[in-house]
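Novice: Spelled out, the chains give:
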Amino acid sequence: MRSLRWLWIPAVLVVLALAGEWWLSQRPGSRVAAAEDPSIASVLKNPDVIARGRYLAMVGDCVSCHTAQGGEPYAGGRLLPTPFGNIPAPNITPDADTGIGRWRFDDFWRAMHDGIGRDGKRLYPAFSYTSFTKVSRDDALAIFAYLRSLQPVRQPNASLQLRFPYNMRSALMVWRAMYFKPGAYQPDASQSASWNRGAYLVLGLGHCNECHTTRDAWGGAEAHAALSGGQIPEQDWYAPDLSTRANGGLQGWNRQGIIDVLKTGQSPKGTAIGPMADVVASSTQHLSDSDLGAIADYLQSLPARRTPAPPPPGIDSAVLADHGQQIYAQRCESCHGKQGEGVPGVYPPLDGNATVLEPAGVNAVRVVLLGGFPPVTDGNPRPYSMPPYAQQMSDADVAAVVTYIRQAWSNRASAVQERDVVTYRHTPID
Amino acid sequence: MVNVLKRLRWVLALGWLLAAVAQADQAAVPDTLQQRIAACTTCHGVHGEGASGAGYFPRLAGKPVDYLALQMRNFQRGLRKYAPMEYTVRLLTPAYMHEIAQYFSTQQVPYERKPVPALAPTLRQRGEQLVSVGDAARKIPPCQACHGKQLTGTEPSVPGLVGLPYDYISAQLGSWRTHTRASAAPDCMAEIASRLAPEDITAVSAWLASQDVPADTHPQPAGSITPPLRCGVLQGQGGGA
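Protein sequence lines, in the order shown, are assigned to chains A and B.
The opening residue of the first sequence carries number 1 in the UniProt record's numbering; numbering runs sequentially from there.
The opening residue of the second sequence carries number 1 in the UniProt record's numbering; numbering runs sequentially from there.
Just chain B, same shape as in the assembly (with noise of 0.2 Å):
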């Protein structure tokens, strides 16, 4: 048995080696999240940061984890529309969107200014208006009820709205009121986005996307907000019209 393996022992050696090589070749592969995503990455950016140019992808990376994994399943259960979301998290698990959620929103990145179109001084005013103050005639309650003092977002669900670009916070305010984007019932976005006028929408995208983002940019913490209206994703918190 010894005089067969002493015998053998360049061919086991070869056989080892040729063995070691081939994992070496597979661990080419990187056993990461980040490589595993790479669906989500090539338009949400490697680290969530937003497409690079593009107007519409909108920025992942620091945005709360419950939030995050909220919209994926939104998208599974067509509450949010949008083909290649639903397409591409149609067979997700919860725990892997979970993951996938909580990798995005461990990033930090800097943000990066889109462009944002001209407006004219009275919009601009309306812009911030609606976003500071809202407007009580018309039972619009102000941004940063919810998203906070510094529009950086409420954990755990409530997503910030620095950084994002204007195409993208426009169409979000208009899918809301096409019924192409909704959340768990009573949908407060929903209402509030019914009682914008058209060129609410215009303004208060266009105000938000040419602010300047907060050296902090994370989100403030949970139970630190009272809703003006019942919100299905605050677990129906909240009261008033």
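With the rest of the complex left out, here is chain A (with noise of 0.2 Å):
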């Protein structure tokens, strides 16, 4: 009876989001286009900010979400899977009716910064506006005017694929108050120029907290655990803690490796794989040098982690190991070396490698299954790839030999079960 007291709670948030959504959708759909200021309209010309903005756009990586497989670039269609349905990214070419043609400067201001659409919905956090918040005006410009310089593609946008509740928009309100702050960078004066770039591309543009984290049921990021790493929901790709100290996912990683990776996909110490493979092929790798040793340095400065929690008593996981080290010297060995150590710059070693240890295991039983290239980049036209094994081995042996290879040499991750290698065995593509 005690816990029935506290039911009018809920059940007035439920009536409060119904009539929310009742006054929303009264609500004239979309407003009457609205003349730009001159003196911003006079900036969205200028061929200097147009190319600024196609930098930034590419910092951003928008092109990789707002463009479906096989279509024209920028015009949306792309499908954005989330644990409560799917979500597809709009059309941003400057198409009248199906783009951004009719939106002013402050439109796309407010969808950047505060996450709300021209027609003042609130905007599925699909849309990074977590991140993107911390954008500077200037550089919203800048990319607002260079989507604005596109060929209009004429391409309606897909209806959204969102299961009840999480349909209702009214329910955003609930998710930006707990997850949601409008805010701009705020440089640390205590540290160079070159780190605050950094931290402003990491934290902003580039939105790296957005897969490099871990999320709660509600899809919130957690916010004392930015870039520590984190399985990305539906995706089933672990992206990586990027601390390069102490229990870091990227411990031991020098400056020049992690430029490496975002410039050409692979580095001494690993390869870009999975979806940041795609990261780095339509993004980083045309960053400047200057915006990449940023990054480097920022991340660098990422605290030291916890000591990770011993596996749990009971499983023993050197049977397993032992069978997984045969599979290693029969398919892995000739490529990744006997000490894990691979080969430079054609291989990458299997000793200390990140995406080996992640926690969760994931990508070490993706990678082995679907095999594939690194990201092709100016900086390795030609890379050498992995065979896909999935076709050959099974979910025991996938399981044996990544237990293994997590187990070997320095690696001290935990195993992998067979149960895990049948989660992961299907193909992602979008």
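For the record, the hints were derived by calculation from the structure and aren't laboratory data.
Errors might be hidden in some of the hints.
Here are the in silico distance ranges between beta carbons for each label pair [claimed, not checked]:
(1) B:Q235 / A:Q339: 49 to 57 Å
(2) A:P310 / B:V109: 48 to 56 Å
(3) B:A83 / A:K338: 31 to 39 Å
(4) B:A83 / A:F164: 25 to 33 Å
(5) B:Q235 / A:P381: 41 to 49 Å
(6) B:V133 / A:Q151: 46 to 54 Å
Only some residues are given here: those of chain B computed to face chain A with a beta carbon under 10 Å [said to hold, decoys possible]:
(7) A39
(8) C40
(9) R77
(10) Y87
(11) L91
(12) L92
(13) T93
(14) A95
(15) Y96
(16) T106
Cβ atoms here follow ideal geometry from the backbone N, Cα and C, with glycine treated the same way.
Join the two chains, each given in its own frame, into one complex according to the hints.
Specialist: Take a look at the structure:
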């Protein structure tokens, strides 16, 4: 009985949400296009601003979400999978009816900075305004100028595929109160200009934390866990912790290694794979050396992490690892080396590799199953590739070899079970 | 200075030796395309001969270079749907894809006979009919009209049909009907596949898969065919319906 006393709270919340939903639905749909402020209108036509915007749009990797497979760049249509349903990325070419052709810069700024759409609706945070809010007004203006300079593509936006109750935008009121605070990047005067530039890029436009963090049941990033790694919901890849210090996911990476992996897709400590390979291919390989250096400077300042908890007792992975060692000798050793040392510039090392060691064990399982190419970049235009073993190896064999790799040499990560391999056997494609 | 160098000569010599050994060690990985594309050759064979034993992984060896490059591009665009292929080629650049296509198109390896299901004589006859004369009543042109008299394909972008496994051919024709394989519009193969009856697919696939491979498997020269349908992959040439 005691617990029932509190039932009025969710009941009132639901009523309020439904009332809000009705109220929003009664408002006029799209506002009449107002003329752009003349001072802004002239900036939007400035070729230097447009060129800067093109670079910044690449830093933000806008094209990767706002382009469907095989579709026109920036014309939207890609479905972003979330645990709450699919969210189609909208058309952001300057088509008047289906794109952002009628948007004024103020509309764009509100979307980037406040997460509010042109029609006044709250935007779903699949659009990473939780990070983009730190983007400066000048940078946002340049990006807008660039998008406005694109060839308009007529492609109507697909409708949301969210399940009830997530399809009620009023629920976003609560979500925003919990996880979103509009704000600008606050420079840290005690740090170098390069560090500040790196922090601005990583935390703002680069929106690295949207993947490299743990999300809770409501899809919000856990505030204390910034850049400490997490499994990407629905995509089933693990975005590793980015600390280079003790117990960090990139422990032992030096400044040049970070620059190399972002610029070429590979480094002496490891190779970009999965979603990060896409990011390198379409975004980071094109960044200036000074911006890459700035990102490296910032990441190297991330704090050391706590010592991971020892594996739970009672699981003896020695048999699994022994079997895995035999498979390793047959299938992996000729490229990755007896000591997991790899071949510099050709095959990545597995000893101390962040992909191998991430806590979930997802990435190593997927790489064994899928194989494939690292990103093709100007710095590595003809990369060496890895055979996919999905067709040749059983779930048990994959679990064994991944367990061996995660525990051999200096590696000390948890074992991977056969059932984990079953979960990740399908090929991720969107 | 000279003295210092003299004293250090053993150190220098040792350093040089170590560097040479390290270099030799790295050279152990051959700097060849074949070595680079292990992701492809694991399923399609080192020379693109197709997977031995397994029916599905198609032969790539000797197919026209533009055809192979276009197929990779179509997997990237999602016109062809097969998740492992889409994943594998998704980040390749046009230049790298062309180089890979070039590699497989120039490979010459013997064909291997794959198992074919037993076929009733009427179906066998139907298969042969579709391949050589087509079915005018249902507006189905013969395979030979585009894929060549010897069915070895036509430069630069029509693939050969000889030496392919039954499972692969029938799966592709099925894919065209279910829109998990497509090509540039107007998509003539999608049109033809939609005109085939299900038993036609069995008949034509089995007949093709059971043929002996001709001695000369090179594709016919470019311009040697007049496509009966308008085809996007053939730059829209061809007429009729």
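Novice: For each hint, tell me whether it holds in the structure or not.
Specialist: Outcome of the hint check:
For Q235 (chain B) and Q339 (chain A), the Cβ-Cβ distance of about 54 Å falls inside the hinted range of 49 to 57 Å, so the restraint holds. Judged by the Cβ atoms, the range 48 to 56 Å given for P310 (chain A) and V109 (chain B) holds: they are separated by roughly 53 Å. At roughly 33 Å, the beta-carbon separation of A83 (chain B) and K338 (chain A) lies within the given 31 to 39 Å, and the hint holds. For the pair A83 (chain B) and F164 (chain A), the supplied restraint of 25 to 33 Å holds, since their beta-carbon distance comes to about 30 Å.
Between Q235 (chain B) and P381 (chain A), the C-beta spacing of about 29 Å breaks the proposed range 41 to 49 Å. A beta carbon spacing of about 47 Å between V133 (chain B) and Q151 (chain A) agrees with the range 46 to 54 Å that was offered as a hint. Annotation: A39 (chain B) was flagged as interfacial toward chain A, and the flag holds, the nearest CB pair being 4 Å apart, inside 10 Å. At its closest, the beta carbon of C40 (chain B) sits 7 Å from a beta carbon of chain A; the interface hint therefore holds under the 10 Å criterion.
Hint status for R77 (chain B) relative to chain A: holds, with the closest Cβ pair at about 3 Å, below 10 Å. Taken as an interface hint, Y87 (chain B) checks out: its beta carbon lies about 5 Å from the nearest beta carbon of chain A, inside 10 Å. Hint on L91 (chain B) holds. Least Cβ distance to chain A is approximately 5 Å, under the 10 Å limit. For L92 (chain B), the shortest C-beta to C-beta distance to chain A is roughly 6 Å, which falls under 10 Å, so the interface hint holds.
The interface hint given for T93 (chain B) holds, since its Cβ lies 5 Å from the closest Cβ of chain A, which is under the 10 Å cut-off. At its closest, the beta carbon of A95 (chain B) sits 7 Å from a beta carbon of chain A; the interface hint therefore holds under the 10 Å criterion. Taking 10 Å as the C-beta contact cut-off toward chain A, the hint placing Y96 (chain B) at the interface holds, the least distance being around 5 Å. Evaluation of the T106 (chain B) hint against chain A yields a violated restraint, the C-beta minimum of about 17 Å exceeding 10 Å.
In this structure, the hints that do not hold are numbers 5 and 16, in rising order.
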